[in-house]
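Numbered according to the numbering used here, the sequence shown terminates at residue 155, and the numbering increases by one at each position without gaps.
The set of hints was computed from the structure by calculation and includes no laboratory data.
Some hints could be false.
[Claimed, not checked] Quick list of the computed label-pair ranges, beta carbon to beta carbon:
| hint | residue 1 | residue 2 | range |
| --- | --- | --- | --- |
| 1 | Ala77 | Ala141 | 22 to 28 Å |
| 2 | Trp148 | Ile42 | 51 to 57 Å |
| 3 | Thr100 | Glu135 | 18 to 24 Å |
| 4 | Pro57 | Thr106 | 29 to 35 Å |
| 5 | Thr81 | Pro33 | 19 to 25 Å |
For each residue, glycine too, the CB sits at the ideal point set by N, CA and C.
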Amino acid sequence: MRAGRITTARRPRGVLVTAGIGTVLVVVIAAGLFVPLVGFLAGATASTVGLVPFPAASVTLVALAGVVVCMGLLLAALTRRRTATAIVWAVLAVMVAVAVTAFPLVAVVTGSAERASDLAPIVGDLWGRLTGQG
22 MRAGRITTAR RPRGVLVTAG IGTVLVVVIA AGLFVPLVGF LAGATASTVG LVPFPAASVT
82 LVALAGVVVC MGLLLAALTR RRTATAIVWA VLAVMVAVAV TAFPLVAVVT GSAERASDLA
142 PIVGDLWGRL TGQG
């Protein structure tokens, strides 16, 4: 070791490859699944005049939180010294990306089910009035 030179251990190539693959997978999930799904659900809400609820605020907050968490997990994968540990962090980042992508669908389905349970008595009452049974 020469005087005045700071030595740092180099990262194994596997760590860099793992962090790169994790980053690509997260970006593909975001661009290929999340954005089209949110666009479809927002379009369904717009075309049904709000009958299908779309919780824009909560979807936005979950997406922003997901971006922060995924970036942190990918950074953790990049800063590891062992490839196996980097793989764990990268897989966690991909799992978070998938969970964030599934959230809007779950939120819309839950909201629609609540809306349907609110509409069922109204539809039943209207049907009874129209058929003369109520």
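Here is what the structure says about each hint:
no. : hint                        : result
1   : Ala77 / Ala141: 22 to 28 Å  : holds, 26 Å
2   : Trp148 / Ile42: 51 to 57 Å  : holds, 56 Å
3   : Thr100 / Glu135: 18 to 24 Å : violated, 43 Å
4   : Pro57 / Thr106: 29 to 35 Å  : holds, 33 Å
5   : Thr81 / Pro33: 19 to 25 Å   : violated, 38 Å
When held up to the earlier numbered hints, the structure conflicts with 3, 5 and fits the remainder.
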